[in-house]
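Student: Put the complex together from the two separate chains, hints included.
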Amino acid sequence: MERVVQVIVDGWATGSLYGALALAVVLIYRSTGIVNFAQGEMAMFSTFGAWALLEAGLPLALALLGTLVLSFLGGMLIERVIVRPVEGGEVLTVVIVTLGLFILINSGAGWIWGFGNRSFPSVFGDGTLAVAGVSVAVESLGIVAVLIAIVALLFVVSQRTRLGLAMRAVAMNPDSSRLVGISVGRTLMVGWGIAAVVGAVAGALIAPRLFLDVNFMGGVLIYSFAAATLGGFDSPLGAVIGGWIIGIAENLAGTYVDFIGADLKILVPLGVILVVLLFRPTGLFGSAGVARA
Amino acid sequence: MTGPPRGTAARTEQRLRAVGLVALAAVALAIPFFFGSFRVGQFTQAIALAVAVLGLNLLVGYSGQISLGHGAFFALGSYVSAILIVRADVPYLLTLPIAGAACFAAGLLFGLPALRLRGLYLALVTLGLAIATPQLIKRFDGLTGGTQGLSVPRPAAPAWSGLADDQFLYLLTLAGAVVMFALAVGLVRGSVGRALIVVRDNEIAAKTMGVNLATVKTRAFAVSSMYAGVGGALYMLPIGFVAPESFPLALSFGFLAAIVVGGLATIGGAVFGALFIEFVPVYASDVDEALAGVIYGTVLIAFMYALPDGVMGLARRLWARRPAAAPPSREQDAAEDGDADGLSRGGARSEDVVQGIPGGSSR
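Chain order of the listed sequences is H and W.
Numbered per this note's numbering, the first sequence spans residues 1 to 293.
Numbered per this note's numbering, the second sequence spans residues 1 to 363.
This is chain W alone, in the form it adopts within the complex (with noise of 0.2 Å):
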């Protein structure tokens, strides 16, 4: 991050950084044209997983505070979508705003009394609320068609396109994602993004500094919601079917592992921790039906110890101990130099975690 000529050197990441960007989006862009089209629907679903896993890092990595229930918030997206089109013949691409929209509300009803106090309450009430989520859902079945869940049609590919059904679905649950990671990228770098972090780091000094606590944390746990949401309907599109089965406890924990493993207070390590909870239940399920939680919940503690800023922080330490870089004063340097480009925020941000997150303050 530093090397002695900074200037050339951030010059050279950031080009890096681009070079990276561009690989990813031809990688992305490639899949559906090279596995079959069951695999082509599973990394649909990691794409649709990551918008929610992306909603929920907003939230625990940006403002410190803890949702079980993101699940719940998942689940109300996929059903506005579903029951839009189904039951009020909305064209499909239309219900992925109003479901965000619902969810956005739902968030703020919700996290207004449960935010007044710190990350704690939060948690047990969403926790409730993912536990309670089935139990809703078969509740309203006449709205919800009840245990026998939903048949929502499946967008076709447009003759035009030239398109296979499952690729059409696969690239467009990419833009979805394309357009709600480009959103949050804009909201973390600006004025919310530092006010979320100030808040997380130190209560008091961000009311001193005149961030309104209440306010923020509200509207964080909000659009978190509305990225769940959003998450939620972009899942439900493709597979063409909503139940109360589809939204499991072990779906909230899911994501809370998927942003530990990708690491906290990071943006793209929603895509990483997305994979992760998309594909290892695929596997561990081989081994036993229970293979998946074990996992889950020895990477939650096991991250917590030895990795707290995730599979990105460790890739961004990895480059940053690279031969030809950094004698060990970085993290100062990384303090120090502000805002000068892209990529120096981005490390300072890492030590952030480091510091911010894994129990180095004392209580």
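Looking at chain H on its own, in the form it has when it is part of the complex (with noise of 0.2 Å):
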């Protein structure tokens, strides 16, 4: 019973992972209806500031602040120099444009950092605490306690300030927000440095689980594709939920499914992302497109 309630919790801790990348994607794809393939480099590329910036001595909280406000910048100058180009593109045009970013971000951080490994220095120590008799990592309850935290505040964001009103607006009509006066560029750069910071503090709670090198987003990104198609492309909960659901199964799946072990847990991912389409292609909470010639 007790190592059941373990591989629940890690599994919700890791979904709560890649609920957070999830949420850096649907936020990006809700304002401006783009597929970021980039969202899992970019956070890679983050992480990798936070190492660069823990190399140089700074403390880890101080590194951490650094990285986000640096990832806020990053998301900014992206959308603003390669993404605003083809905006509003065609959908081929604009995937092969955050593919093309894809490649260039992970190709780059192996020509700063190389392709090694490194390890990174968990946030939360390796403490271990006993709930109800059982005891769970302190790490696996701090990130699902910061995932909430990050979702209360991004819906604070959204609903109670103007930058929120602003945002929504966008999404919903850019050429009416611009009749009313709102800068629809800047509040798309914004968005985009919000998601990017996002996807760093995914990156910063991810790497000590795995091992930083430039490949370990790649999988993680899988998985949060996975969550934003269950949870629906347009709802940051739905994201957040997609995320747990994914993470528990993933976990449970690869401890008590033989066949499955260690080696094709991706394989998850995958049937979740194909049993959605079939049979709920909008998703858990997302609503249904509605096409107009």
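Not one of these hints is a red herring.
Taking CB as the label site, the calculated pair distances span:
| no. | chain 1 | residue 1 | chain 2 | residue 2 | range |
| --- | --- | --- | --- | --- | --- |
| 1 | W | 8 | H | 175 | 47 to 57 Å |
| 2 | H | 280 | W | 190 | 35 to 45 Å |
| 3 | H | 52 | W | 39 | 36 to 46 Å |
| 4 | W | 143 | H | 118 | 32 to 42 Å |
| 5 | W | 306 | H | 117 | 28 to 38 Å |
| 6 | H | 258 | W | 279 | 41 to 51 Å |
| 7 | H | 186 | W | 175 | 53 to 63 Å |
| 8 | H | 58 | W | 245 | 30 to 40 Å |
| 9 | H | 175 | W | 306 | 26 to 36 Å |
| 10 | W | 143 | H | 256 | 18 to 28 Å |
Please keep in mind that the hints were generated in silico from the structure rather than gathered at the bench.
Beta carbons are placed, not taken as given, at the ideal position from N, Cα and C, and that holds for glycine.
Tutor: Structure follows, in structure tokens:
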């Protein structure tokens, strides 16, 4: 029994990380209709940035804070310089550009930091905590708490601030937003910045659980896409809950289904995406798209 | 493309094009006799890659769907061929169509659920497939030889031909590629190609005209996977070895870079794109391991901004702008003259790529 609970809590934590990256993907998708394939690599780059700051001698908290600021600026810069020229264009064009960004960031990081792997310290240490007689890792609980805090913060920003209102307006109708005086470009830039920050948080929390190397977010990205698909691609809450479901399912399947084991865990998100597309293409919380000629 | 006396201009162009094809064939046939065996091996690989790139271009360029997982089908083709040769003693030529058929079936199976929604989801699912490929191969190590890979006896040149093995393998691969390219030309010029283009450019219009979207898309994906599979088998035969590490995610991205560089929705672009992804990493790795990736990424972005119809599109535009020809109204002419001849069709195609791909239309 204790083992099952541990597996579930661990899966819940992992799922929160998938949910965090999925949240970043969904934030951009909602406001621009772009699926940012480079989201995971942006997070990878941020995490390497944090690592470099640590190596330079900064304390962990300061390094992470610096990384978040830099990620915000980096996200805005990427939107302005690379994505803006193709925004609103054909899906194919946009996807190819974000894929180009994927490869560019991945190889760029390889160029700067090499392809070896490193260890990355955890914010939460490696203690355990006894909850109702079952010992669970503090790290797992911490990760879940961080994700919930992010969602709460995003909700407040989105519903209670002028910026949030502007972002919702731009997502709904960019042309009308421009007419009422919202700077659409600047709003989108901020949106990309926020997504980059959320991704960076995910990266910094995932890195201690895996090793930090240039490809460590590749697999995570697929889980996040699965989470977003399951939750509905335009629902932030769906992304988080989708992440949780997938994280827990993955951990249970990896532990108790022999055929899957550690190697084929990657089939879990693929299976989830396919099943969702077959039976409920809008996901659990997504809204159905309406095409107009 | 126009020139005042249209008929004669078109005929000259057709003749020029035929001359160009003959010249290309002559160069292709001459390569194994003018280069050392290492270089010939590289060209052989480039030709095999070209088949897979062509397959991806049929999908992306003509039907507008994106697959990031063609490396997986490439791998499947390689392994089907290798396993048949090693474990069942099937003659190597026979393994090519079997590899193609296996990938066609896999493409159908995989595309069926993913193609219910446009573009995007196929990209997601196939990206996952590409990431999972090495692990999947290792998991079925009883069949695939796991991490150690499989050594396959390389086809030897028949004694009567007087060719060295590497020359024979080159010509063999070339022959396979010519068959696949000829099939693709037929496919694209026929009703299938037109259906694909309509689906890409306007799904609703396609539906109205009685094109069954799901069927067309799924078949396009299956055919495209088949090309990747045959390409994979052709790639494996001359090397005589397959291992999981031969099929990283970078391979699938390389295919995408190749079609963008060569030109979306062009047949000839596949050759250029394949040469690009065969030789750029060779030279780039002298500078830095990561440079090839940096170049791919930059090229993908830069081409989408500046040259959305790739090198082939650029060549066409330069050709159309040559001194003797073409007042600026050539778009209209190309659109108006229907299907008078092969070349103006080619022109119309490049125009519709320009309008179709680079974000000209609003969302």
